[in-house]
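Start from the sequences, fold in the hints, and give me the full structure.
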Amino acid sequence: MPRLWLFEETIDTDVLAPGFYMKSPLDELAEHCLEAVRPEFVSKVQKGDVILAGDNMGVGSSREQAAEVLKYHGIAAVIARSFAGIFYRNSINLGLPALILPKGLTLPDECVDGAEISFQFDKSMLTLTKSQKVIECEPIPTFLKTMIDDGGLVPHLEKRFSAEVIPKC
Numbered sequence: 001m002p003r004l005w006l007f008e009e010t011i012d013t014d015v016l017a018p019g020f021y022m023k024s025p026l027d028e029l030a031e032h033c034l035e036a037v038r039p040e041f042v043s044k045v046q047k048g049d050v051i052l053a054g055d056n057m058g059v060g061s062s063r064e065q066a067a068e069v070l071k072y073h074g075i076a077a078v079i080a081r082s083f084a085g086i087f088y089r090n091s092i093n094l095g096l097p098a099l100i101l102p103k104g105l106t107l108p109d110e111c112v113d114g115a116e117i118s119f120q121f122d123k124s125m126l127t128l129t130k131s132q133k134v135i136e137c138e139p140i141p142t143f144l145k146t147m148i149d150d151g152g153l154v155p156h157l158e159k160r161f162s163a164e165v166i167p168k169c
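For the sequence shown, my numbering assigns the number 1 to the initial residue and increments by one for each residue that follows.
Don't read these hints as lab results, they were simulated from the structure.
You can take every hint at face value.
Just the calculated beta-carbon pair ranges, DEER-fashion: (1) 54 - 150: 26 to 32 Å; (2) 42 - 64: 18 to 24 Å; (3) 54 - 132: 23 to 29 Å; (4) 9 - 161: 38 to 44 Å; (5) 161 - 19: 33 to 39 Å.
Distance condition first, Cα-Cα at most 30 Å in a straight line; then the derived DSBU-like pairs of lysine-lysine: (6) 47 - 133; (7) 123 - 145; (8) 145 - 103.
Quick reminder that beta carbons are idealized off the backbone N, C-alpha and C, glycines included.
Below you can see the structure in the form of structure tokens.
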């Protein structure tokens, strides 16, 4: 069963993809994801888990590997009160849903680290399995949903342009 990973404010890209390992292959870089704040993350994360963070998720340098390592670990979505713009777009471009919590939303008491969840990307909502309480996120524009469903920007463009007939000169 997928679980929730709660994080406080300002999770920066150096914590997600530490600079010391940036020249390493992705699998090695991913082994150090979040180790500075959650040393157990890599050994306990499961495919389908969701990250729920405060403000400034992904602030810092523009490295796309910060989103890429989360996707590598099978994170289904990153939900936050706010995102650094570049991290947000890198996530979308890599096919990793990045959802924003509505301003002023108070999270239910049952929204705790490790809570079992179900996530419905098509509805932009997270359900806490035990209490069945729902957290609705701000909707993602349709064109971005399509891009994510296609696997990110590059697969989306490949799909789009392979479907077009290009006239011969």
